[in-house]
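Below are the chains, spelled out letter by letter.
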Amino acid sequence: MLKTFKGGIHPPYNKDFTKHKPVETAKLPDRVIIPMSQHVGAPCDPIVKVGDTVKKGQKIGEAKAFVSAPVHASISGRVTAVEPRPHPGGGMVISVVIESDGKDEVFEGIKPPKSLGELTPDEIKNLIRESGIVGMGGAGFPTQVKLSPPPEKTIDTVIVNGAECEPYLTADHRLMVEKPYDVVLGLEAIMKATGVKKAYIAIEENKPDAIEAIKQVIKGKEGIEVAELATKYPQGGEKQLINAVTGREVPSGGLPMDVHVIVDNAGTCAAIAGALKTGMPLVERITTVTGTGIKEPKNLLIRIGTPFSEIIEQCGGFKGEAGKVIMGGPMMGLAQSAMDVPAVKGTSGILVLEKKDVALSEQLPCIRCARCVDACPIHLLPTTLGKLAEKGMWAEAEEYHALDCIECGCCAYVCPARIPLTQLIRLAKNHIIASKKK
Amino acid sequence: MEEFKFITTSSPHIHSGESVQKIMFNVAGALLLPTVAGIYFFGLRALLLVITTTLAAVLTEAAFQKLRGKPITVWDGSAVVTGILLALNLPPGLPLWMAVVGAAVAISLGKQVYGGLGMNPFNPALIGRVFLMISFPVQMTTWINPVDGTTGATPLQMMKMQGVSTDYTKLFLGNIGGSLGETSALMIILGGLYLLYKGYIEWRIPTFYLGTVAVLSVLLGRDPVFELLSGGLMLGAFFMATDMVTSPISRLGKMIFGLGAGIFTVIIRFYGGYPEGVSFSILLMNAFTPVINRYTVPRIYGEVKVR
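Taken in order, these protein sequences are the chains called A and P. According to the working numbering, the residues represented by the first sequence are 1 to 438, in order. According to the working numbering, the residues represented by the second sequence are 439 to 745, in order.
Incorrect hints may appear among the rest.
To be verified - Straight line, CA to CA, 25 Å or less: simulated PhoX-like cross-link-like pairs of lysine-lysine:
no. : chain 1 : residue 1 : chain 2 : residue 2
1   : A       : Lys-355   : A       : Lys-295
2   : P       : Lys-460   : A       : Lys-355
3   : P       : Lys-508   : A       : Lys-391
4   : A       : Lys-356   : P       : Lys-460
5   : A       : Lys-319   : P       : Lys-443
Unchecked claim - Pair by pair, the computed Cβ-Cβ distance ranges are:
no. : chain 1 : residue 1 : chain 2 : residue 2 : range
6   : P       : Thr-645   : A       : Pro-208   : 33 to 41 Å
7   : P       : Ser-448   : A       : Asp-104   : 36 to 44 Å
8   : A       : Arg-418   : P       : Leu-486   : 30 to 38 Å
Because the hints were derived from the structure by calculation, they are not lab data. Since the structure is predicted, the reported quantities are computational estimates derived from the model, not experimental observations. For each residue, glycine too, the CB sits at the ideal point set by N, CA and C.
Chain A with its partners taken away, still in its complex shape (with noise of 0.2 Å):
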């Protein structure tokens, strides 16, 4: 029986595109833009100066806070900038510009640690941190400050995230079908550092190869898993993923672990993997380069920082007339508004819709068809909050639990008037955050 959810869609996957094809090796960049805030949390001091030279993997940005992580030179070569430059997700954020020198050296002081056997839980950990890793399912959550719960919350499951239920996208499915020991080994770290005995690698059951490789690789290894899981979207939506693999469901405003689960997308998993094996931090990640306005779609192996224009030149350049680029899938990614935006640790995908696909339609009044009821993997009324939020009621929005939205955009993929709820629910959202801020 495959494991699911209630609610939810099933669009049109459209990863034929990229399914088949290779993970590809992306050319070193000639400059990249590395933002100081790449994560949830607060944002790192840069540690590096306007003419400094760097290398790969050299820690330029440092975390102060607990919930942060660092940030490290993904080429070697020369910073010219320290400066505000605009951020894939939104707004301008202060970002190292690094010159490359085209010797891509490698840091002195990246040394392969300890094999995992001999690292203490707490090693583990610090290692996650100081490599800055996030994850890299796109919200980018510090790492080691999911695996360090508050001594009362007890943990007992560990869920890798493969289920990439996002339309078009195809990195973690390359990566598990390419690099399962990588994924697993990942999952073995994030036991040994939280103590549990019980993991299961989730992967929806349209990706058979991802999930026979995984299966390969866990043979004999005590206590993981896969869950196969039914494909449909949400299902890698972290609320829906637990539900869909354990029965149990995150309180509302909880988080995982109030009910005793760490979820890590497999890209994390890799990502551990990597400073498991050579001490290299977080520098480089698989995104996925595709879409109807792409000429080549392509599986990229990218440096974080490399410019957007850069990696879809990369892939032939746009096909016919490109109408919205979006970092991430076509259901929660963002749209961007220009091309000199860098990738960064959490840009799963570089998604190029033609200008056909995206042409803007009238709104009609809602016609209370209760398809968005039925998508709501939250089971919400989104077609109440829509209204409330129209009006400005925030408090009546709030009482309908707004706040537990997931912003998954199910209601306004099914709307048939195409009212936007999930930017209205969002809008309501933000109101009733900063009203409690107050």
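Got chain A; can you put chain P on it based on the hints?
Chain P alone, transformed into the frame defined by chain A:
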């Protein structure tokens, strides 16, 4: 690299392609099945009646919107659905000018005065029908027999007045007296199944509505098959109680709506002055819909029960 002007709207960036228009025209298409049955049994005057109410509904909507200085939205198909539905609920021999009045009232008093599409609390076609029943009680209860065109009683009237039942096959196929589109259970069920299959109506309302009537009929010593197949129940259960705008949004709410409509229908049929109660039952439940919505908010994921 060439610079483009990109669209930067918020997520999600893809859409199901579903539209209000698609839903409305699919419903209208499904309504053609009972319409064809009506034309088959009652002849050309039935066709004329459908065309009249549909045109009148669309024109009323356009005129109303023009008067109010609002954009004209008759292409969304909702007025077409109301027009066809109204005709299906009228005696096939009704004078056409009365049908025009009914359609005009349905759209104006039933829909546009509330603000148009999506805002009306009651099913507009039923508002039109009830208005006609009150205004023209004689013409609205003059039924013609499908075979010879003479006037006669509907199966429900015969049951109520004389205690005479009607043959199941006739009830199922539709060669009986009654409203234009309510007689052929077969065609209504086919249309309803099409809409269910396409996801344009929801199974809970018709199931609970028909189920309630069947169960109560058995409990009260009536013939459930006769009750299900006669009168406007099938048409109401599949095409009017399921109207999205005027029925609840939660799953539980839909069950309650169907249950309530079933109870009201049985009460009116068995104990009321009218032989048929489907229109009134659905309108009554329409009135309850906001309350039902209020009290059937689903338990959300992770909602902690109050201890």
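Do the hints match the structure? See the list:
A distance of roughly 14 Å separates the Cα atoms of A:Lys-355 and A:Lys-295; the hinted pair therefore holds under the 25 Å criterion. Taking the CA atoms of P:Lys-460 and A:Lys-355, the gap is about 23 Å. The hint holds against a cut of 25 Å. Among the hinted pairs, P:Lys-508 with A:Lys-391 is consistent with the structure: their alpha-carbon atoms are about 21 Å apart, no more than 25 Å. With a C-alpha separation of about 20 Å, the suggested pairing of A:Lys-356 with P:Lys-460 holds against the 25 Å cut-off.
Of the pairs offered as hints, the one joining A:Lys-319 and P:Lys-443 holds, with about 15 Å between alpha carbons and a cut-off of 25 Å not exceeded. Distance hint check for P:Thr-645 and A:Pro-208: the Cβ-Cβ separation is about 37 Å, which falls inside the suggested range of 33 to 41 Å. Take P:Ser-448 and A:Asp-104: their Cβ atoms lie about 38 Å apart, and the range 36 to 44 Å holds. Range check, A:Arg-418 to P:Leu-486: about 37 Å between beta-carbon atoms, so the 30 to 38 Å window is met.
Violation of the numbered hints given earlier is absent; every hint is satisfied by the structure.
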